[in-house]
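Trainee: From first to last, the protein sequence lines are chains A, B, C and D.
Numbered per the numbering used here, the first sequence spans residues 28 to 310.
Numbered per the numbering used here, the second sequence spans residues 28 to 310.
Numbered per the numbering used here, the third sequence spans residues 28 to 310.
Numbered per the numbering used here, the fourth sequence spans residues 28 to 310.
Treat the hints as calculated values from the structure; they're not laboratory data.
Keep in mind that a hint or two might mislead.
All copies of an identical chain are treated as equivalent in the list; a pair is satisfied when it fits inside any one copy or across any two copies.
Listed below are the simulated DSSO-like cross-link pairs for lysine-lysine, each with C-alpha atoms no more than 27 Å apart in a straight line [unchecked claim]:
1. LYS172 / LYS30
2. LYS113 / LYS123
3. LYS152 / LYS277
4. LYS184 / LYS277
5. LYS40 / LYS184
6. LYS172 / LYS96
7. LYS96 / LYS40
4 protein chains.
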Amino acid sequence: QNKARLLISCTDKPGIVAAISTFLHEHGANIVESNQYTTHPDEGTFFIRIEFAASDMKEKEETFQEGFKEIAAQFHMKWRLTFLYKLKNMAIFVSKELHCLRELLYEWESGGLMADIPLVISNHKEGKELVESFGIPFYHIPASKEIRHEVEEEQLKLLKEYDIDVIVLARYMQILTPHFVSTHPSKIINIHHSFLPAFIGANPHKRAHKRGVKLIGATCHYVTDDLDEGPIIEQDVIRVDHRNHIDDLKKKGRLIERTVLNRGVKWDLEDRVIVHQNKTIVL
Amino acid sequence: QNKARLLISCTDKPGIVAAISTFLHEHGANIVESNQYTTHPDEGTFFIRIEFAASDMKEKEETFQEGFKEIAAQFHMKWRLTFLYKLKNMAIFVSKELHCLRELLYEWESGGLMADIPLVISNHKEGKELVESFGIPFYHIPASKEIRHEVEEEQLKLLKEYDIDVIVLARYMQILTPHFVSTHPSKIINIHHSFLPAFIGANPHKRAHKRGVKLIGATCHYVTDDLDEGPIIEQDVIRVDHRNHIDDLKKKGRLIERTVLNRGVKWDLEDRVIVHQNKTIVL
Amino acid sequence: QNKARLLISCTDKPGIVAAISTFLHEHGANIVESNQYTTHPDEGTFFIRIEFAASDMKEKEETFQEGFKEIAAQFHMKWRLTFLYKLKNMAIFVSKELHCLRELLYEWESGGLMADIPLVISNHKEGKELVESFGIPFYHIPASKEIRHEVEEEQLKLLKEYDIDVIVLARYMQILTPHFVSTHPSKIINIHHSFLPAFIGANPHKRAHKRGVKLIGATCHYVTDDLDEGPIIEQDVIRVDHRNHIDDLKKKGRLIERTVLNRGVKWDLEDRVIVHQNKTIVL
Amino acid sequence: QNKARLLISCTDKPGIVAAISTFLHEHGANIVESNQYTTHPDEGTFFIRIEFAASDMKEKEETFQEGFKEIAAQFHMKWRLTFLYKLKNMAIFVSKELHCLRELLYEWESGGLMADIPLVISNHKEGKELVESFGIPFYHIPASKEIRHEVEEEQLKLLKEYDIDVIVLARYMQILTPHFVSTHPSKIINIHHSFLPAFIGANPHKRAHKRGVKLIGATCHYVTDDLDEGPIIEQDVIRVDHRNHIDDLKKKGRLIERTVLNRGVKWDLEDRVIVHQNKTIVL
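Generate the whole structure from the sequences, applying the supplied hints.
Mentor: Dropping the structure here:
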């Protein structure tokens with residue numbers, strides 16, 4: 028496809044949009060969709076997502092990448108320029124519960140997730156058959172607290188080997204070390220089975236049942252070193268009532284977990300999400 | 028109206044529904060709507076809400092009240108029998124923010140809340156004009172931590188004088204003492220401006236903004252001695268995004284607060300809510 | 028399981044609940060959940076769903092079935108008594124699009140749909156591999172207007188052979204003849220990819236796109252001879268916007284179609300749905 | 028406030044954003060928020076909404092208005108440039124049902140609708156007290172089919188006198204003539220009490236009840252000569268069930284009508300809505 032996307036954040040100043048759009052125009056690109064947001068008219072932070080088209084985009088890739096460096100330097104931008112013809116590489120981590128993995132695979136198969144999925148890693152064997160039926164290699168790496176270091180080394184080796192851009196924890200029930208997290212900042216997406224910050228940590232459905240809430244939720248967020256405290260990408264809820272036991276909450280929860288994770292991953296792959304001060308801007 | 032409602036909870040045993048329905052049938056009543064729920068088939072707790080009609084209900088009131096005592100004793104029931112021709116007396120407490128009060132008054136005026144509203148009590152003067160435009164007495168009782176005891180004595184005197192059945196805290200920003208709460212167990216309804224248990228306590232919108240949540244909520248619950256920990260009657264949420272500042276959350280929150288409070292109060296007045304172990308059964 | 032369910036409708040009269048509950052009590056059954064609704068206090072129609080438990084239910088099945096006939100006759104009831112130990116037999120019909128089939132199969136596998144699925148019938152081959160991976164026989168019966176009669180004969184033979192109770196049209200793109208429909212009244216569940224009665228008939232997404240609606244929906248209904256006019260079991264909607272082309276509506280629609288169909292089928296299998304005058308009562 | 032908004036549509040061409048943003052930059056303006064959408068990369072239609080800030084905006088108003096004409100001419104733009112210091116003038120038309128009027132007035136009072144409301148016009152007297160309690164003139168102009176022409180002349184005179192920009196039909200139960208509509212193209216906002224195109228025309232709740240739908244809706248749209256066929260700005264739905272009679276649908280409908288109308292009016296006042304081929308682009 029002859030499309031590319033620019034995702035930028037920087038301190039706001041007059042003239043940024045003019046500089047970007049003039050640059051794109053001069054290089055034969057046409058802006059297809061753009062969304063801009065500034066936190067405050069004076070001295071705020073500027074965010075923009077631009078999707079643009081150009082004929083022979085592949086040949087022009089380096090020209091755009093190199094040429095934009097100058098503007099980026101001038102405005103001290105944090106930026107990312109991605110080309111749609113190059114699919115991102117996404118790895119999925121999973122444990123025993125497969126509903127989120129399944130949803131991602133089907134969405135992917137039906138063209139809803141623009142990425143390659145070169146591998147799935149699991150600390151259990153449950154997902155093997157499902158994953159391989161999609162022609163995707165499945166790596167079974169048993170994990171536990173005691174061997175966390177070795178396990179992560181093996182995982183990181185695979186991620187490097189497959190040149191992974193995005194890691195999705197699709198109900199992967201192991202805690203990642205700060206070292207692992209630091210290797211992929213804002214690149215690890217998790218789904219938590221509660222409406223954060225309610226029921227942070229373990230057993231959210233059990234605690235939701237005990238508290239007698241009337242809605243349960245799910246939260247898709249980037250992983251940071253603080254468990255369940257990373258920037259939230261998306262959340263949603265589903266209605267429950269007094270008749271629902273903990274097992275019913277788990278079942279109902281699955282629908283909302285897979286829906287929310289799917290939406291969050293989709294937005295990330297479409298370069299819609301910018302992390303800013305432990306929050307996300309979704310453009 | 029020739030209708031009445033039975034709301035019952037007790038330890039489950041075979042034969043309860045047969046006993047109740049035979050009693051009603053023998054006294055010329057016809058069941059219009061009934062909902063029953065038992066927590067567990069063996070030795071669970073039994074809950075039922077029955078709405079029944081009978082000609083000359085007013086004349087039969089005492090017969091029903093007296094007659095049912097026997098069945099209630101037999102099954103050790105907690106029960107309540109209310110007659111629709113007798114409206115409940117509802118008091119509303121409010122402070123400066125009037126959106127919840129306003130919603131209740133309009134819903135009441137358009138026939139959506141089956142109750143009398145003999146008075147509104149406020150620690151501020153803001154609501155006076157609005158309340159009096161509905162022909163309802165408005166009592167301005169300034170309040171503060173220091174004079175809490177005296178204030179509550181004055182309030183309790185009014186509640187007694189007007190024979191109040193239900194108290195609605197429509198964004199009343201004072202904490203009630205355990206003494207006050209103990210005078211009206213499961214009869215004081217509050218609206219909290221967050222999706223409890225997230226953002227329990229003060230300034231939920233500020234904290235929601237800081238955490239970067241993608242939905243904000245409201246929770247309608249009965250007041251107990253533990254602040255924001257009482258049985259939840261109803262909850263709902265509304266979508267927010269990165270563009271919303273704290274003030275925007277407050278504005279959006281108002282819609283969901285008044286909607287949720289209105290629904291919770293309506294269900295309570297319709298005798299749909301049973302409190303059981305710090306949770307509610309809504310039938 | 029030692030549970031059974033009674034689903035009843037009849038002209039309302041005093042004493043129905045008393046008669047039913049006394050019968051159940053005398054036969055050693057304990058009511059676990061019951062929901063009753065009457066359209067009007069005087070001369071309305073009475074509807075009830077009762078779930079009850081009894082030890083040795085299997086042995087008592089005939090006693091209950093036979094014994095209840097007397098009460099049913101007395102009140103001229105339409106009724107159904109089902110025993111949970113006997114799973115219903117559900118057939119799924121599908122064409123090329125598999126999202127609804129897939130959702131049903133996974134929900135079924137994870138214990139959310141209480142039924143056996145002895146076969147899937149399709150006029151295309153697309154679903155074969157998926158269906159067989161669940162160990163379910165897949166029958167490929169090509170269909171077209173011209174051979175409708177022969178096709179339906181073959182389908183009906185299979186339905187009889189497998190003793191089918193419920194037929195789910197999971198995006199089956201052929202119209203059924205009145206004869207076929209008459210063989211399974213209120214037993215064929217369809218999913219229509221619009222919020223009926225909007226966009227009745229073909230190409231709802233195309234027409235929704237043309238009209239510029241801001242929500243698209245799905246409707247789960249029983250099939251009658253009037254296309255898309257049968258009693259509605261469940262509906263829901265999802266938000267769309269100006270950026271969504273017809274293909275986007277189709278993709279978004281899939282999520283809501285499978286969710287709504289799944290909910291409707293679940294309620295039907297749990298004996299929650301009564302058809303009354305081209306509408307449903309969901310208890 | 029030192030802010031203004033540009034709302035533009037035109038045939039897409041390379042260089043539009045560059046031209047606009049360079050113009051704004053050269054005139055000392057800083058873009059605060061912008062959203063752009065193009066229907067198709069090649070030869071599509073281009074839409075943009077830009078909110079920008081500049082010191083001394085009031086003094087620069089004419090410079091911006093005049094200066095932009097050149098760019099607009101170059102790209103054959105349909106455009107609108109509005110300055111936030113100048114509030115729009117909004118007239119509200121109402122009949123007997125006041126819930127939508129009330130919601131608009133309260134939202135306006137609490138700062139949620141950026142407009143002046145110089146008058147309310149009604150064919151009934153019901154709203155008089157409410158409207159005047161906000162200090163807004165209330166014009167009672169009785170209307171009927173027979174005197175439609177005279178009534179509209181009187182209304183148009185008032186709209187001219189008060190220099191009205193936007194007309195909101197807040198459940199105004201009279202049909203407007205093509206002549207009236209033509210005087211304010213894409214400037215008359217209506218709320219229809221159904222999820223259009225379902226239940227177009229009269230008595231939508233009665234027909235929704237008859238059809239047995241499980242959700243009822245409301246649609247906010249611009250008025251055109253085709254009744255209920257104008258471009259849709261916003262829609263939403265609320266859940267109903269078999270227990271709800273027509274009156275219940277009406278009551279539940281009110282909540283969704285006032286919420287949807289309020290949202291649609293707010294977006295229009297914020298210059299977020301562009302009409303394009305009988306649809307809306309909401310930026």
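Trainee: Which holds for LYS152 with LYS277 at a C-alpha limit of 27 Å: within a copy, between copies, both or neither?
Mentor: within (21 Å within a copy, 34 Å between copies)
Trainee: One pair to classify: LYS172 and LYS30, alpha carbons no more than 27 Å apart. Within, between, both, or neither?
Mentor: Close neither inside one copy (44 Å) nor across copies (44 Å); limit 27 Å.
Trainee: Could you figure out if LYS113 and LYS123 sit no more than 27 Å apart (CA to CA) within one copy, between two copies, both or neither?
Mentor: Neither way: LYS113 and LYS123 sit 32 Å apart in one copy and 30 Å across, limit 27 Å.
Trainee: Taking 27 Å as the upper bound on the Cα-Cα distance, should LYS184 and LYS277 be classified as within, between, both, or neither?
Mentor: Neither: 34 Å inside a chain and 40 Å across chains, both beyond 27 Å.
Trainee: Given a CA cutoff of 27 Å, do LYS172 and LYS96 count as a within-copy pair, a between-copy pair, both, or neither?
Mentor: neither (44 Å within a copy, 60 Å between copies)
Trainee: Up to 27 Å between alpha-carbons, please classify LYS40 paired with LYS184: within, between, both or neither.
Mentor: neither (42 Å within a copy, 47 Å between copies)
Trainee: Is it within, between, both or neither when you check LYS96 against LYS40 at 27 Å Cα-Cα?
Mentor: Cα proximity of LYS96 and LYS40: in one copy and across copies (18 Å, 25 Å).
Of the hints listed earlier, those the structure fails to meet are numbers 1, 2, 4, 5 and 6, in rising order.
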